[in-house]
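The primary structure of each chain is shown beneath.
There are 4 protein chains.
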Amino acid sequence: MRKNSKKHIVDVAVSLFNMKGYSGTSVRDIAGKANVNVANISYYFQSKHGLLEYCLTSFFENYLSEIENGYSLLGQKEASEVLKVIAKNILYFQTAHLQLTRFVLREVSIDSQVIREIMSTYFMKERYYFKKVLEKGINEKEFKPISINYIIMQLKGLLTMPFLNTYYVTEVLHVLPYEQYFAEKYYLEIESWIDQVLCEKDVHMVV
Amino acid sequence: MRKNSKKHIVDVAVSLFNMKGYSGTSVRDIAGKANVNVANISYYFQSKHGLLEYCLTSFFENYLSEIENGYSLLGQKEASEVLKVIAKNILYFQTAHLQLTRFVLREVSIDSQVIREIMSTYFMKERYYFKKVLEKGINEKEFKPISINYIIMQLKGLLTMPFLNTYYVTEVLHVLPYEQYFAEKYYLEIESWIDQVLCEKDVHMVV
Amino acid sequence: MRKNSKKHIVDVAVSLFNMKGYSGTSVRDIAGKANVNVANISYYFQSKHGLLEYCLTSFFENYLSEIENGYSLLGQKEASEVLKVIAKNILYFQTAHLQLTRFVLREVSIDSQVIREIMSTYFMKERYYFKKVLEKGINEKEFKPISINYIIMQLKGLLTMPFLNTYYVTEVLHVLPYEQYFAEKYYLEIESWIDQVLCEKDVHMVV
Amino acid sequence: MRKNSKKHIVDVAVSLFNMKGYSGTSVRDIAGKANVNVANISYYFQSKHGLLEYCLTSFFENYLSEIENGYSLLGQKEASEVLKVIAKNILYFQTAHLQLTRFVLREVSIDSQVIREIMSTYFMKERYYFKKVLEKGINEKEFKPISINYIIMQLKGLLTMPFLNTYYVTEVLHVLPYEQYFAEKYYLEIESWIDQVLCEKDVHMVV
DNA sequence: GATGAATGAGTGTTCATTCAT
DNA sequence: CATGAATGAACACTCATTCAT
Numbered sequence: 001m002r003k004n005s006k007k008h009i010v011d012v013a014v015s016l017f018n019m020k021g022y023s024g025t026s027v028r029d030i031a032g033k034a035n036v037n038v039a040n041i042s043y044y045f046q047s048k049h050g051l052l053e054y055c056l057t058s059f060f061e062n063y064l065s066e067i068e069n070g071y072s073l074l075g076q077k078e079a080s081e082v083l084k085v086i087a088k089n090i091l092y093f094q095t096a097h098l099q100l101t102r103f104v105l106r107e108v109s110i111d112s113q114v115i116r117e118i119m120s121t122y123f124m125k126e127r128y129y130f131k132k133v134l135e136k137g138i139n140e141k142e143f144k145p146i147s148i149n150y151i152i153m154q155l156k157g158l159l160t161m162p163f164l165n166t167y168y169v170t171e172v173l174h175v176l177p178y179e180q181y182f183a184e185k186y187y188l189e190i191e192s193w194i195d196q197v198l199c200e201k202d203v204h205m206v207v
Numbered sequence: 001m002r003k004n005s006k007k008h009i010v011d012v013a014v015s016l017f018n019m020k021g022y023s024g025t026s027v028r029d030i031a032g033k034a035n036v037n038v039a040n041i042s043y044y045f046q047s048k049h050g051l052l053e054y055c056l057t058s059f060f061e062n063y064l065s066e067i068e069n070g071y072s073l074l075g076q077k078e079a080s081e082v083l084k085v086i087a088k089n090i091l092y093f094q095t096a097h098l099q100l101t102r103f104v105l106r107e108v109s110i111d112s113q114v115i116r117e118i119m120s121t122y123f124m125k126e127r128y129y130f131k132k133v134l135e136k137g138i139n140e141k142e143f144k145p146i147s148i149n150y151i152i153m154q155l156k157g158l159l160t161m162p163f164l165n166t167y168y169v170t171e172v173l174h175v176l177p178y179e180q181y182f183a184e185k186y187y188l189e190i191e192s193w194i195d196q197v198l199c200e201k202d203v204h205m206v207v
Numbered sequence: 001m002r003k004n005s006k007k008h009i010v011d012v013a014v015s016l017f018n019m020k021g022y023s024g025t026s027v028r029d030i031a032g033k034a035n036v037n038v039a040n041i042s043y044y045f046q047s048k049h050g051l052l053e054y055c056l057t058s059f060f061e062n063y064l065s066e067i068e069n070g071y072s073l074l075g076q077k078e079a080s081e082v083l084k085v086i087a088k089n090i091l092y093f094q095t096a097h098l099q100l101t102r103f104v105l106r107e108v109s110i111d112s113q114v115i116r117e118i119m120s121t122y123f124m125k126e127r128y129y130f131k132k133v134l135e136k137g138i139n140e141k142e143f144k145p146i147s148i149n150y151i152i153m154q155l156k157g158l159l160t161m162p163f164l165n166t167y168y169v170t171e172v173l174h175v176l177p178y179e180q181y182f183a184e185k186y187y188l189e190i191e192s193w194i195d196q197v198l199c200e201k202d203v204h205m206v207v
Numbered sequence: 001m002r003k004n005s006k007k008h009i010v011d012v013a014v015s016l017f018n019m020k021g022y023s024g025t026s027v028r029d030i031a032g033k034a035n036v037n038v039a040n041i042s043y044y045f046q047s048k049h050g051l052l053e054y055c056l057t058s059f060f061e062n063y064l065s066e067i068e069n070g071y072s073l074l075g076q077k078e079a080s081e082v083l084k085v086i087a088k089n090i091l092y093f094q095t096a097h098l099q100l101t102r103f104v105l106r107e108v109s110i111d112s113q114v115i116r117e118i119m120s121t122y123f124m125k126e127r128y129y130f131k132k133v134l135e136k137g138i139n140e141k142e143f144k145p146i147s148i149n150y151i152i153m154q155l156k157g158l159l160t161m162p163f164l165n166t167y168y169v170t171e172v173l174h175v176l177p178y179e180q181y182f183a184e185k186y187y188l189e190i191e192s193w194i195d196q197v198l199c200e201k202d203v204h205m206v207v
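Residue numbers (UniProt numbering), protein chains in the order written: chain V, 1 to 207; chain E, 1 to 207; chain S, 1 to 207; chain C, 1 to 207.
The hints are simulated quantities; they were obtained by calculation from the structure and are not laboratory data.
Just so you know, not all the hints are guaranteed correct.
List of simulated lysine-lysine pairs, BS3-like, C-alpha gap at most 27 Å [claimed, not checked]:
#1 S:Lys48 x S:Lys33
#2 V:Lys185 x E:Lys136
#3 C:Lys48 x E:Lys48
#4 V:Lys88 x V:Lys48
#5 C:Lys88 x C:Lys144
#6 S:Lys20 x C:Lys20
#7 V:Lys144 x E:Lys185
#8 C:Lys84 x S:Lys144
#9 V:Lys125 x E:Lys185
#10 S:Lys84 x C:Lys185
#11 C:Lys48 x C:Lys20
Each pair of labels, with its calculated beta carbon distance range [said to hold, decoys possible]:
#12 E:Ser120 x S:Gln46: 32 to 40 Å
#13 C:Asp111 x S:Ile146: 32 to 40 Å
#14 S:Tyr181 x C:Asn37: 50 to 58 Å
#15 S:Ser23 x V:Ser58: 47 to 55 Å
#16 V:Asn37 x E:Ala39: 37 to 45 Å
#17 S:Lys144 x C:Asn37: 54 to 62 Å
#18 E:Ala39 x V:Asn69: 50 to 58 Å
#19 C:Lys141 x S:Gln76: 37 to 45 Å
#20 S:Glu78 x C:Lys132: 47 to 55 Å
#21 V:Ser120 x E:Asn139: 23 to 31 Å
#22 E:His49 x V:Gln113: 25 to 33 Å
So these bits of chain C aren't anywhere near chain S, every CB distance computed over 12 Å [claimed, not checked]:
#23 His8
#24 Val36
#25 Asn40
#26 Gln46
#27 Glu53
#28 Tyr54
#29 Glu61
#30 Asn62
#31 Ser72
#32 Lys136
Owing to the predicted nature of the structure, the values given are computational and were not obtained by experimental measurement.
Yeah, the Cβ is synthetic: ideal placement off N, Cα and C, and Gly gets one too.
Model the full assembly from the supplied sequences, consistent with the hints where possible.
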């Protein structure tokens, strides 16, 4: 009936998963809104869970490649510069995929064996890149001798918060992540944080 | 059959909601694990959704009173001190209620009309307290002339991240929020952030 | 809590049974509207079904005594006169107990073993009285040589129709059985029917 | 599994609704007796209530067309003749659909908003046809100057009584509506009623 | 390749009833 | 006596999935 229905199904699914959660969304909801037959979902993705995996996987593949793009500069640039590029890439990527990002961030916090299995590799890779960058910065006295894991946690907190709870961010704080300038503006906050919390002060104050 | 079953039901429900999400948890799951009759859940909380509201409400009531406890010091202490007390209170409260915190943080990100109605008052109050403290600090030149909403967003990101995704935090970052010392240690990070990102440097560097 | 709660429960039950049917009414509905504890219904009437039996029985006891009051005149008056008195009594009785009448007429049409057992005696008695009156009229050449059972059926149809379907009668036909004058007016119709359909014409045409 | 299961479900439903009432019948009863999956009932009729509407609607559609078939003769025949044809059609139709008729007559007497909405149009149409026929008869001095609504009420009472309470009619009055000759015989009673109660005597007595 | 019909397990909720207090 | 708590069965309905066509 519809051209490119697989892509279309995914779009609709992401939108609904975002709004109502994975468990709260039925395959009939998706099929109905995507205007395809229910059986097609099983046909394309084996099962509802297959559709979930597809969404999660495609998010993380792209998310990781954004990190990798920054990480590849580690030979040429200072660690703080690389960290900033990575942060910027993540921010822009998440801004470009608001619904998917929010849904993934939420769903991944479910204590599911299956989800863990899919995600753990990506989590590990992400941590690996962050760790390498931070270690280089520490070794070269660019960063303070910080706890790597605690810093990753904080950075992740800063980078994900604006995308987690749309209602809170937009209606309570009046921050609009879907506006063009948001990523630019919020990136400056992350930059400050890197400069002021991570970097050795005297080094940068002279500059 | 069982004494105090209402409290018991809530405990079990929080645990299951945390693990499987609200939609992913059935009332039969809860009743079974709590060893009570299914009908009791409707009896006590009217409906499954009533049980959800009960959990959310009791979380936010206590959460807000932690903030208020800190906020009440605003007349006597410096803004940065008050902010630190509030942050500390939140951290300890969330550490003491790991499962409920995680569940609430996740569920609240669902785009539900009903959830919004319950939560918006709490969100507004929370923002009010943060705003007052930050404004005082800015007026008294203790804080830099920062954007209040962006700072609240970052603070919330820092304070919630360790509680959002248990698997990630524990298995990937090896940070154990349920250990006694976690809150103490992580509080120091928040303190640094307040000192370095929020506060005017020269003022505090002399001290 | 409430004086005379048994009577009160019955009144509420009749009203609800009438509106929603016996199966469609829950004991909690009744208890709630009657402002008594649910357990009281089991206490007073053993069970929901006991309450039903109580309602049916009390209806038919009174209904039958209205018939008997007319029937007792059979020694003194003409059969047609007696039949008219009985019809009048039934009409006024049913007008005075609109809800109960409607509910009983409906519920009695359910194919239930239990209902049959309660009702058959009353039905038989009612038929007995009608039969006796009609037989006397036929024997004394007052009535045409009609089929007794077919006549009872028609008389019952005429006497019950206005009470069966309130909506139809009031909203479609604009006949208002709860108005004072209805029974008077409708009785004239029944009288005509007796005179014209049952009675030998020449006898009455001379008069 | 089963061909034509929709029709089969309706048949079973009518039978059970007739015996136990709508509220007293569960969808599991129906599915079980019809030997289909419970979910099929929702699938075919959306809900239990959809199944009810389907039954009611199909009854009244056919019932009305029986009336219309008689009414269409109004240009060619006398009003009393037309009324007799309509009465005959109704009697034969109801005899052919005993269970459905009984169930509809009962259920329609429930004070339900929804039922009213479905039925009121049919009721209005039925009244319209009766009214037109009666008015013509009155205008042409064929009928006495009767009250139209009261006459409709009586006619409906006469036509429905034999179908309302199977137990009473068969076991108490020994009238068997499912026997072939019943409709023929009972029609003569209706005919008498029309001739004797509705029609001007002298006109017809000469004939 | 795509679909409508059908399935059985599971959903939240309500039921009449019981019983300790 | 009267009640609120509690029960297990039943309620209508929705679920993801399958499969013949």
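Results for each hint:
The suggested pairing of lysine 48 (chain S) with lysine 33 (chain S) holds, with an alpha-carbon distance near 15 Å, which does not exceed 27 Å. Using a Cα cut-off of 27 Å, the hinted pair lysine 185 (chain V) and lysine 136 (chain E) holds, with the two alpha carbons roughly 24 Å apart. Taken as a hint, the lysine 48 (chain C) and lysine 48 (chain E) pair is honoured in the structure, with Cα atoms around 24 Å apart against an allowance of 27 Å. A threshold of 27 Å between alpha carbons decides the hint, and for lysine 88 (chain V) with lysine 48 (chain V) the separation of about 33 Å lies outside it, so the pair is violated.
At roughly 22 Å between alpha-carbon atoms, lysine 88 (chain C) and lysine 144 (chain C) fall within 27 Å of each other, so this suggested pair holds. Restraint check for lysine 20 (chain S) and lysine 20 (chain C): satisfied, since their Cα atoms lie roughly 14 Å apart, inside the 27 Å limit. Note on lysine 144 (chain V) and lysine 185 (chain E): the hinted pairing holds, with a Cα-Cα distance of about 17 Å set against a maximum of 27 Å. At roughly 22 Å between alpha-carbon atoms, lysine 84 (chain C) and lysine 144 (chain S) fall within 27 Å of each other, so this suggested pair holds.
Annotation: proposed proximity of lysine 125 (chain V) to lysine 185 (chain E) holds, straight-line Cα distance about 26 Å (limit 27 Å). Simply put, lysine 84 (chain S) and lysine 185 (chain C) have alpha-carbon atoms about 26 Å apart, close enough for the 27 Å limit, and the pair holds. For the hint pairing lysine 48 (chain C) with lysine 20 (chain C), the CA-to-CA distance comes to about 15 Å; that is within 27 Å, so the pair holds. A C-beta distance of roughly 51 Å is found between serine 120 (chain E) and glutamine 46 (chain S), which places it outside the suggested range of 32 to 40 Å.
Hint check: aspartate 111 (chain C) to isoleucine 146 (chain S), Cβ distance near 36 Å, so the stated range 32 to 40 Å holds. The beta-carbon spacing between tyrosine 181 (chain S) and asparagine 37 (chain C), approximately 56 Å, falls within the hinted interval of 50 to 58 Å. A hinted range of 47 to 55 Å holds for the C-beta pair serine 23 (chain S) and serine 58 (chain V), which are about 53 Å apart. Judged by the Cβ atoms, the range 37 to 45 Å given for asparagine 37 (chain V) and alanine 39 (chain E) holds: they are separated by roughly 38 Å.
One distance hint, 54 to 62 Å for the beta-carbon pair lysine 144 (chain S) and asparagine 37 (chain C), holds here, with the actual separation near 58 Å. Our hint of 50 to 58 Å for alanine 39 (chain E) and asparagine 69 (chain V) holds, since their Cβ atoms are close to 56 Å apart. Between lysine 141 (chain C) and glutamine 76 (chain S), the C-beta spacing of about 41 Å keeps the proposed range 37 to 45 Å intact. Between glutamate 78 (chain S) and lysine 132 (chain C), the C-beta spacing of about 40 Å breaks the proposed range 47 to 55 Å.
Serine 120 (chain V) and asparagine 139 (chain E) have their C-beta atoms about 48 Å apart, which leaves the hinted 23 to 31 Å range violated. Here the CB-CB span from histidine 49 (chain E) to glutamine 113 (chain V) is close to 27 Å, well matched to the stated 25 to 33 Å. Chain S leaves histidine 8 (chain C) outside its interface by the beta-carbon criterion, the shortest separation being 21 Å against a cut-off of 12 Å. Listed as a non-interface residue, valine 36 (chain C) keeps its Cβ farther than 12 Å from every Cβ of chain S; the least gap is roughly 23 Å.
Remark: the non-interface label on asparagine 40 (chain C) is consistent with the geometry, its nearest Cβ contact in chain S lying 23 Å away (cut-off 12 Å). Non-interface call for glutamine 46 (chain C) relative to chain S: holds, since the shortest CB-CB distance, roughly 20 Å, exceeds 12 Å. Residue placement check: glutamate 53 (chain C) keeps its beta carbon more than 12 Å from all beta carbons of chain S (closest about 16 Å). Every CB of chain S lies more than 12 Å from the CB of tyrosine 54 (chain C), the least distance being 19 Å, so the non-interface label holds.
Even its closest Cβ contact with chain S, about 18 Å, leaves glutamate 61 (chain C) beyond 12 Å, as expected for a residue assigned away from the interface. Here asparagine 62 (chain C) stays apart from chain S, with its beta-carbon at least about 19 Å from theirs, past the 12 Å limit. Listed as a non-interface residue, serine 72 (chain C) keeps its Cβ farther than 12 Å from every Cβ of chain S; the least gap is roughly 22 Å. With a least beta-carbon separation of about 19 Å from chain S, lysine 136 (chain C) lies farther than 12 Å from that chain, consistent with its non-interface assignment.
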